Amino acid sequence: MARITIDPITRLEGHGRIDIFLNDQGRVENVCFQVPELRGFEQFCVGRMAEEMPVITNRICGVCPEAHHIAATKALDAVFGAEPTSVAKKLRETIYMAFFITDHTTHFYALGGPDFIVGPDAPPSERNILGVARKVGLEVAGEVIACRKRNHEIITFLGGKSIHPVAGVPGGWSRAITKEEQATIEETARRNIEFARFSLSIFEKIVLNNPVYLEMITSDTYLHRTYSMGTVDADNRVNFYDGMIRVVDPEGGEFVKYHPSEYREHIAERVESWTYLKYPYLKKVGWKGLTDGIDSGIYTATPLSRLNVSEGMATPLANAEYQRMYETFGCKKITNDRYQPIHHRMATHWARLIELLYSSERMLELALDPELTSPETRNIPEPARFVGEGIGSVEAPRGTLTHHYVTDGRAVLTKVNMIVGTTNNYAPISMSIKRAAEKLINSNAPEEAILNRIEMAFRLYDPCLSCATHFLPGKMPLTISLRDSQGVLQREIRRKT
Amino acid sequence: MKGVPLISPLPNPPPLGEGANLLPPAGGGREGGAGTVIIGMGNPLLSDDGVGIAVAYAVAERLKQRINLTVTELHTGGIRLMEAMAGFRRAVVVDAMLSGAIPGTLRHFNSMDFVTTKNTFSSHDTNFATAFDLGRMAGVLLPKQVSFWGIEAREFDLFAEQFTDEVAAALPGAVERIAAEILQWEGAE
Numbered sequence: 190m191a192r193i194t195i196d197p198i199t200r201l202e203g204h205g206r207i208d209i210f211l212n213d214q215g216r217v218e219n220v221c222f223q224v225p226e227l228r229g230f231e232q233f234c235v236g237r238m239a240e241e242m243p244v245i246t247n248r249i250c251g252v253c254p255e256a257h258h259i260a261a262t263k264a265l266d267a268v269f270g271a272e273p274t275s276v277a278k279k280l281r282e283t284i285y286m287a288f289f290i291t292d293h294t295t296h297f298y299a300l301g302g303p304d305f306i307v308g309p310d311a312p313p314s315e316r317n318i319l320g321v322a323r324k325v326g327l328e329v330a331g332e333v334i335a336c337r338k339r340n341h342e343i344i345t346f347l348g349g350k351s352i353h354p355v356a357g358v359p360g361g362w363s364r365a366i367t368k369e370e371q372a373t374i375e376e377t378a379r380r381n382i383e384f385a386r387f388s389l390s391i392f393e394k395i396v397l398n399n400p401v402y403l404e405m406i407t408s409d410t411y412l413h414r415t416y417s418m419g420t421v422d423a424d425n426r427v428n429f430y431d432g433m434i435r436v437v438d439p440e441g442g443e444f445v446k447y448h449p450s451e452y453r454e455h456i457a458e459r460v461e462s463w464t465y466l467k468y469p470y471l472k473k474v475g476w477k478g479l480t481d482g483i484d485s486g487i488y489t490a491t492p493l494s495r496l497n498v499s500e501g502m503a504t505p506l507a508n509a510e511y512q513r514m515y516e517t518f519g520c521k522k523i524t525n526d527r528y529q530p531i532h533h534r535m536a537t538h539w540a541r542l543i544e545l546l547y548s549s550e551r552m553l554e555l556a557l558d559p560e561l562t563s564p565e566t567r568n569i570p571e572p573a574r575f576v577g578e579g580i581g582s583v584e585a586p587r588g589t590l591t592h593h594y595v596t597d598g599r600a601v602l603t604k605v606n607m608i609v610g611t612t613n614n615y616a617p618i619s620m621s622i623k624r625a626a627e628k629l630i631n632s633n634a635p636e637e638a639i640l641n642r643i644e645m646a647f648r649l650y651d652p653c654l655s656c657a658t659h660f661l662p663g664k665m666p667l668t669i670s671l672r673d674s675q676g677v678l679q680r681e682i683r684r685k686t
Numbered sequence: 065m066k067g068v069p070l071i072s073p074l075p076n077p078p079p080l081g082e083g084a085n086l087l088p089p090a091g092g093g094r095e096g097g098a099g100t101v102i103i104g105m106g107n108p109l110l111s112d113d114g115v116g117i118a119v120a121y122a123v124a125e126r127l128k129q130r131i132n133l134t135v136t137e138l139h140t141g142g143i144r145l146m147e148a149m150a151g152f153r154r155a156v157v158v159d160a161m162l163s164g165a166i167p168g169t170l171r172h173f174n175s176m177d178f179v180t181t182k183n184t185f186s187s188h189d190t191n192f193a194t195a196f197d198l199g200r201m202a203g204v205l206l207p208k209q210v211s212f213w214g215i216e217a218r219e220f221d222l223f224a225e226q227f228t229d230e231v232a233a234a235l236p237g238a239v240e241r242i243a244a245e246i247l248q249w250e251g252a253e
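For the record, the sequence lines run as chains A and B. Sequential numbering from 190 applies to the first sequence in my numbering. Sequential numbering from 65 applies to the second sequence in my numbering.
In isolation and in its complexed conformation, chain B is listed as follows (with noise of 0.2 Å):
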């Protein structure tokens, strides 16, 4: 191990990013964009695991008369999900949850008291909370309101498109309380 060089070492690193909205010079992090992205967490084929995708649809739907909703579905979080959000003002993510509760649950997280609900992390990269800072550290424009949405979960590791009795029960109240919480955001400016 001695003595070998390295390819040439680069002199100068590569420039950073490629323009569009997403990179600009590293530092700081930015807040501000525009609009308003709703990311459903899931998948759709473990049965009760994409409610959350089911949900964001529905939300869109149900708004589209009054605001055009940008909907993502992801299915793992970490680096993703904070790169989802990049470029939007506001950003709301519905995400399945295993926390014990009743399924059907609903929950809602502020960004900072935020804990993980069930595909918000990966197991390949990081948590989200890490990754929002990754963001901020990269110079990513981040949203400024960020808020999280738990549905608890009954079935989620059986291959199935239909959600259990509880978790479609729970769905409607979900769509209407989410709708709720984006038009009270966009009232406030």
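Pulled out of the complex, with its shape left as it was, chain A reads as follows (with noise of 0.2 Å):
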């Protein structure tokens, strides 16, 4: 089996690259996509006490300490038997909002969007947010930035600490808000619905009215008919912060629905041998290799596959726009409020935005329960209670994350496991690569053109690599080596930076 790399991330170490693996008639065969693989993490972690594990979690990432935060803090209820007051939860939801805007912001500005408002055969040197401000206006970059700031704010005050929270406690949070605070939260969460609706307005002058790029959205390109996976309220709507487990079959039909707790019953991971790799696949389907339908396990955790197992958004303008995103797809109703699931993972983007308007939504309902400035923010954990194993689960933006650790009797953890939101979508990230690779690997287009559709094709999931940027210099290297079946090298394609 010939074998082309793509290096998106670096040539240093092996990691974050895309493989393509081609068989002697020269076809895609299977496609791996490599992310990085940090060392040593679970003995890192073990002999330690549990509650240290919001404040080491949430380093793991750069990019989502607070869903670490959130998701190590909810395990450690667990593992202490202390559930947390209503006002713990509701400030950890309201820190969880202000989260979630910003990283849907600046995903659908800095990352997604420049394809679209841009466009995708555009050069990389104008790709990028300064083109999509140069296209929809200047003021937009002050749009971003002033979002960003106003809800990193909140986040610091509500977490204690800029970048890495600090307040989780099991039981709770361990600092309540003052009625000044609350305010500040209530005028940022007006603001963020506006500035959520302004974000919508352009993907609707600039995307869904553009025909070329309404093509592109609803081609094939990028269509898997997979499993969807997203957290549900006891009204099966989209929640971010806690509820059930629900997973809808290709058609829509509800496969199964669990406790996060219960999740080594539906999940397993697949290990090939063509990749350090292990594929999550839903344990009672099987695994049927990178393939879709309804007799394969993969399923996806993305905006897109949670507004596909909900019955509609929790909030009012989040859920006209979810309507009027399964309608645009023709899908048709299959309960009150659901639609048949949307396959074309471009729709990750349209989905994305209506979760940057939910939360925004979201956050300005919590803002005016006037029970978010109480002081009772922590139920002190009680030795009696004590159970020693929890499983913390939250929705990342890029996926389910889970949290699960095992103690000793005294909390000193002995075992951990996680499942990161990216690491869900692993099989259905390397599909869409190699639907993206079948079609264009041996096409006469521009060699630009040909890295960035296949870059696009993972883009829309936002795999988590940012412990991965280990290369010099500056700009993203992209190298493609094309093979035959013999290995030898019939072409490369290279980004210059």
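A hint or two may mislead.
[Stated by the list, open to error] Straight-line C-alpha distance at most 30 Å; calculated BS3-like pairs for lysine-lysine:
#  : chain 1 : residue 1 : chain 2 : residue 2
1  : A       : Lys350    : A       : Lys279
2  : A       : Lys446    : A       : Lys278
3  : A       : Lys446    : A       : Lys472
4  : A       : Lys350    : B       : Lys128
5  : A       : Lys350    : B       : Lys208
6  : A       : Lys368    : A       : Lys338
7  : B       : Lys128    : B       : Lys208
8  : A       : Lys350    : A       : Lys604
9  : B       : Lys208    : A       : Lys338
10 : A       : Lys324    : B       : Lys208
11 : A       : Lys279    : A       : Lys446
12 : A       : Lys473    : A       : Lys446
13 : A       : Lys338    : B       : Lys128
Just so you know, these hints were derived from the structure itself, not from any lab. Since the model is a prediction, treat every value here as computed from it, not as a measurement.
Fit the two chains together into the complex; they arrive one by one in their own frames, and the hints show the way.
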């Protein structure tokens, strides 16, 4: 089997690259998306006190420290048998909404949006957030920075520290907020709602109203009919902080709904001989290789999959957008509130903006809750209720995030397991890259267009590679080596930096 | 996909920024600010990756009798890095690097010849150069002097709180040189 390597992140350590394997006929046989493998995490944690985990795990990833912090704190609730107070849950959810808003905003304007707003075949030097601002209006640069700033301020005062929050404790939250801070949250939430609507209006004007881009979103280039996963509330609507894990099949039928603590009964990991990557899949469906359909256990955990599993959004403006997206794709209603799933992966960008609006509206709901300033932010764990093992789960921007800790009788860690957002999507990401590669690899498209179309296939998932930027010099180098079945180099495509 | 109106388009986008010293009306960019920030980049739990953070704190400690430096820890670069230096007159960034040099090697980069060290790029948004231009476009108050220091790492993907011997040995020299640069800046004013 021949092998093509696209190396977007590093040529130094062999991490974070794409391998495309060709068969003797020169057709794409398999695709492997390599993500960086940090070593020694379990050994690093074992022997430490479990309470350290919210401040250790929030450093695993510089991009979503808040997600790890909240998932770790929820796992500690379970370890110590300490149910958080009502206001503690609301404070955790508030900081989490602020985090989602900054994350989704940044992805749309800096990473995902440029392909649409500037154009997929524009030179890389223009296909960035500066190009977006030149196309949409220079004031949008200030809007993005202002959105990040106002929400970072909330994260800082709620989390007790900028960037790496420290306020999560078993049974609650270590800091109450004042009426003035509540008013700041309310004002911020109102601005966020306007900004989310503004972002959706840009998407409408520039993407949906452009037949070329609309075709790109609705074409079958990036279509995979997998199972969808997401966390839902008691009414089966999208929730990022808490709820049950719901999985629907490719037709939209509910396959299973389970408590996050039961994840091992439902999720297994597949090891293939040609990669060190482990592919999670639905145990009760089974692994059928990198293929989609109802008989393949591959599932997706993304903004789009979260909407696919839900009976709509829990807030009104976001719900109206939710309905509009499914109707745009011609999906039929399968319940009063839910539609057939969308499998066109490029719609993930649209779903992300709908989630941006939901997070903003939800933040306002929380800000208007009189209980938010209650000082009852913690239930102190009682020794008699100590459990010793716990699982905590949230929806991270990139997919369902699960932390699982096992301790001895003194809350000293003996085992740690995690499934991070991106991991859920290893198989779908690989399938999307494979599909793009099949269509493009033997085409006569310009080199930069080939590079970018393949990058777009993984960019829509926003895979978490923040710890993988081990390279010099500055810009993202990208190399595709195209080899025949004998391994002889036929063509090399390289992005010059 | 036709005829369905979006939620009402916003007649006027919300006003920019919310005061502080960060955001004047868009366009043009500004230079100035006050004080010096030293930004240590990396992950203190990933062996040599945390060297930039250790150096940043050590430089501030070294100079505390003479200059009040602000120390900021940052795990990722891109837009975050630009934001971290907003409002300051001068910024010094210290990061691990993987250039192929001997572990412990210290290199100085001006912002003009800057190449990416280990953490100054964010794969979730953009590189530092683009982020800096974004800040200028948004009218963010940005430093008039920025310098970058890279320290070659040996071990960077292993969870551990110790530096390798080569990097630990390079730390005092790095602190010395970076402190000297800051004093020189201050003296030049």
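(message) Need the list of violated hint numbers for this structure, in ascending order.
(response) Hint check: nothing fails, all pass.
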